[in-house]
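*Asks:* Single-letter residue listing:
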Amino acid sequence: MEPLTSFEIFLGVLARFTPVWIGMALIFALSISFKKRLSLYGRLFDSPIGMVGLALVLFWVLTALMANQIALFDPLDQFRALKNKPPGTFEVESGLAYLFGGDNLGRDVFSRMVHGSQTVMAIAPVATLFAFMVGITLGLPAGYYGGAFDTFLSFLANLVLAFPVILLFYLLVTPEIRQTAIPTSMAAVLFLIPILFFLVFIYSRYRTRPEVLWLYLAPVILIGGFAYLHLINVWTPTGKWMDANTLNIFVSVVFVNSPTVFRIVRGLTMDIKTRDYVAAAQTRGEGPWYIMMWEILPNARGPLIVDACLRIGYTTILLGTLGFFGLGVSPESSDWGMTINEGRKLLRLFPHAALPPAVAIMTLVLGLNLLADGLREQSLKD
Amino acid sequence: MLIFFLKRLGVMVLTALCLTFIVFSLVNLEPNLEKLAKEQNNMRMSDQQVTLWLEEEGFNRPLITRYAAWVGGVVTGDMGDSTRFRKPVNDIVWERLALTGKLMFWVMVVMVPSALLLGVLAGMREGTLQDRTLSTIAIGTTATPEYVSGVIFTVIFASNLVGLQWFSGSATKAMEEITFYNFTLPVMTMAIYGMGYIARMTRASMAEVMTAQYIRTARLKGVSFRAIVIKHALRNALIAPFTVIMLQFPWLLTGVVIVENLFNYKGFGWLLVEAAGNNDIDLLLSCSIVAVVVVLITQLISDIGYVYLNPRIRVKS
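The listed protein sequences derive, respectively, from chains W and Z. Under this note's numbering, the first residue of the first sequence carries the number 1, and numbering increases by one thereafter. Under this note's numbering, the first residue of the second sequence carries the number 1, and numbering increases by one thereafter.
Just so you know, these hints were derived from the structure itself, not from any lab. For every residue, glycine included, the Cβ atom is placed at its ideal position computed from N, Cα and C. Treat the hints with care, since some could be wrong.
Rough simulated footprint, nothing fancy, chain Z against chain W, three-plus residues with beta-carbon under 8 Å [unchecked claim]:
hint : segment
1    : 227-234
2    : 261-274
In silico contact screen, one side only, chain Z against chain W (beta carbon under 10 Å); selected entries [as the list claims (entries may be wrong)]:
hint : residue
3    : Val-74
4    : Val-151
5    : Ile-152
6    : Thr-154
7    : Tyr-214
8    : Leu-272
What follows is a list of derived Cβ distance ranges for each label pair [claimed, not checked]:
hint : chain 1 : residue 1 : chain 2 : residue 2 : range
9    : Z       : Phe-4     : W       : Ala-25    : 54 to 62 Å
10   : Z       : Asn-264   : W       : Leu-229   : 41 to 49 Å
11   : W       : Thr-208   : Z       : Ile-137   : 52 to 60 Å
12   : W       : Ala-25    : Z       : Lys-231   : 49 to 57 Å
13   : W       : Lys-345   : Z       : Glu-176   : 34 to 42 Å
14   : Z       : Asp-47    : W       : Leu-229   : 49 to 57 Å
15   : W       : Leu-159   : Z       : Pro-62    : 42 to 50 Å
16   : Z       : Arg-66    : W       : Trp-294   : 45 to 53 Å
Here chain Z stands alone, though its shape is the one from the complex:
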């Protein structure tokens, strides 16, 4: 187990290095640097001045040297300074990440139980009307990306047109205090898109378990259907969805970016757009390393969790 873990960790570090290097070289492309120079000084700089400024700021060193310097900084906890906010990146990123953490927490709280319930209810009686209805609902939610459902929900629940002004169409106030009124729409919008996929995986896994021999034995023994589902089927059926939920995190990141911009909630997703839009090199790099690390850690957790949950899989070491 330890060797498996260490191997995975090694691959993870290598992946993180490769990915950040790609991001690093992309943000440091010639035209990007030129844009940065003009933004930092004035828009009508001559090419000569641009070259001079870049030289002064140390941008003409070889890419590898600069990358190594940046990695060294990150390892020691110094992520550079943001040109957009004129503050050290460290001061900005963690605060924004905490806000997104709150959003993610509530999304998970809403999404996971409802998705599992939907999947289990659909999968326990495969092929019935109940299954077909619930599966179609699940397909429907996967077909509704955040920017579509967000718009539709805002029109229904927060506009003058329908008149149901139940919720607020902006989550700016939720950054200080989360209420039902200001946080429902963003959470609902995100949860719905992710829900369908988990529900379908749960359904497939549940339907497979329900055809297993031991379930038939239990039925022949006279155990009630309810007890079979809850005691016998559920535990085995939830192994596969666990992995899927963990692998949902990278997808949720795109959702976070859309939802935070749609509802004006200034978290990590909003920060990423600001950084990319303003060509804020250090900030964008930190955002990407945070995103990549989150993705890789969830992958690792899903691998390890899968091994723990499923005793039939033993890691060869």
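Chain W with its partners taken away, still in its complex shape:
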């Protein structure tokens, strides 16, 4: 069969992404019609930059969710006849085209790009969320109390920040380190903090109403404890959630990101604690944790949401860097960074293998940055 022309490839790719287009259209239509009720998220649709950002991010989120419907081939299937073949070449048995060509092992570049989005989407947002919980739980008291506690934590945070990220990853994400107890014990500490966060969050609010308190605390303890035991591989009745390597990467990413979040939260807390409503709460006799969690934190949400978007983008870049240096998830995986690294070796002869994942990383991070910019602009209008 004749290979497809560039225009046919373009149409073919557009057609493959049909479920994504439908999903995006639905979400945009619904969001715009209920715009007034959606506060900050709704106002995003007033800013063109924010909308472009949201569209790019949604595109990749939906692609990750529906990867199996979009991709034509299994990302690991190898057809020797299609090794390094240019975009648009047909695979004879199935009669389907390799839209973006084949890589050096004869795998479909298009399907690998689509499936690669799953790795990023599975790690980046969750790792960022964890980093935020760690940063918030430590940053709030550091900013609120100050003193020796603050000095000590700030020193630790600066210590991690002075570490060149790449060096840290070379030391932490190695096969050798997985034989030691370091990743698991780091996970044990880092994953405990989000649970503590929720416990304190609920306890500080409902501690005077024991009948409601336990209603809210019980699910946190049960679900949190269940997830915690899974994540640190102590008790896994539903199977392992993360293999040792992913856990290692996840923990390292959280570890690298949380000091920056800590510094932001600490700075915001020091600013907000001088406000009148904090003084009012203190006069009412509220406990310090109530003030931190229910007075200061909600009022710091604007900058934190903006930073979260930027940070997910940064984490995406970080994961790509890891893949690029072969420290990625697993040697066969379709992780974007790793695909770029494999493709770059033959870049001058067959550039089609490295370009799609490169463009994918770029558009996703660009989308997140534009989204952050749009959110910042809209939240300043308050």
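Starting from the known structure of chain W, fit chain Z onto it as the hints suggest.
*Replies:* Relative to the frame of chain W, chain Z by itself:
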């Protein structure tokens, strides 16, 4: 000022000690030592032989003792021997660092002026089309990490596909002689990623200065817009970006590692990957201490420079 400086220096030394100790204990983990022993002798050594070899080489002394010995060596200028290159570390590191220095120099020469120009042009008229366009460009560059832009640039400027063979996709020859042909791509790749962030900081700082009272006074006085930007606004607007540029150095280090490997330029970043990949303990430790010292010194310079540039901040002593 002196007390401030000394205090900072003290914290710096403490940080350096803590960080190198962390690196030291990580590279000296049990499995790493075992790997080293097998690499140095043969891969099929029995556990007993490994233990024996480690004992002979003095690896079974307590960690603290070995760390103290290593620090003592570094202070007297002896950084040990590289197992990968079979040479004293001192002979390797400085040579590689000089090569990276050249790369950094050209990156700075390209990056800083273009970032400042971009930021100032965007920030002087906040909210206009010019501002929006330039800001979007700046956001775009921060979204393009080195391994992405490097790949894209290589495809456009150095591959057969597009046919524009303007530049070389490899910078190996640049180690002897830097030419426009072999050094443009690595410098451009690195400069672009760092540029956006500095430009955005400059823009924010410029936009803030432009709303200041004294700028309004100057405008009411009838000073031309050009003169306001150049004479009145620029000096105050460039204080914040100065700190940001200094704090960019740790970020640039990751960039150096990526770009040097991407373009096969055997500088410090390449050395770091070699050391880490081959579990070359002494070399990796020296690389990390160099990296940490660079980061800490730039932090110190940025603090001191900030105090000097901004007369409103006076250090309490």
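*Asks:* So, for every hint listed, does it hold in this structure?
*Replies:* Each hint tested on the structure:
1. 227-234: Violated - the segment 227-234 of chain W has 0 residues with a Cβ nearer than 8 Å to chain Z, which falls short of three.
2. 261-274: violated (count 0)
3. Val-74: Since the shortest Cβ distance to chain W is 17 Å, the answer is violated.
4. Val-151: 5 Å, holds
5. Ile-152: Since chain W brings a Cβ to about 6 Å from Z/Ile-152, closer than 10 Å, the hint holds.
6. Thr-154: 5 Å, holds
7. Tyr-214: Interface hint status for Z/Tyr-214: violated (24 Å vs cutoff 10 Å).
8. Leu-272: With Cβ-Cβ at 7 Å, under 10 Å, it holds.
9. Z/Phe-4 to W/Ala-25: 54 to 62 Å: Holds, since Z/Phe-4 and W/Ala-25 (Cβ atoms, about 59 Å apart) stay within the stated range.
10. Z/Asn-264 to W/Leu-229: 41 to 49 Å: Once the Cβ atoms are compared, 47 Å apart, the range 41 to 49 Å for W/Leu-229 and Z/Asn-264 holds.
11. W/Thr-208 to Z/Ile-137: 52 to 60 Å: Once the Cβ atoms are compared, 54 Å apart, the range 52 to 60 Å for Z/Ile-137 and W/Thr-208 holds.
12. W/Ala-25 to Z/Lys-231: 49 to 57 Å: 52 Å, holds
13. W/Lys-345 to Z/Glu-176: 34 to 42 Å: 24 Å, violated
14. Z/Asp-47 to W/Leu-229: 49 to 57 Å: 33 Å, violated
15. W/Leu-159 to Z/Pro-62: 42 to 50 Å: 23 Å, violated
16. Z/Arg-66 to W/Trp-294: 45 to 53 Å: 50 Å, holds
Hints 1, 2, 3, 7, 13, 14, 15, counting from the list given before, are not met by this structure.
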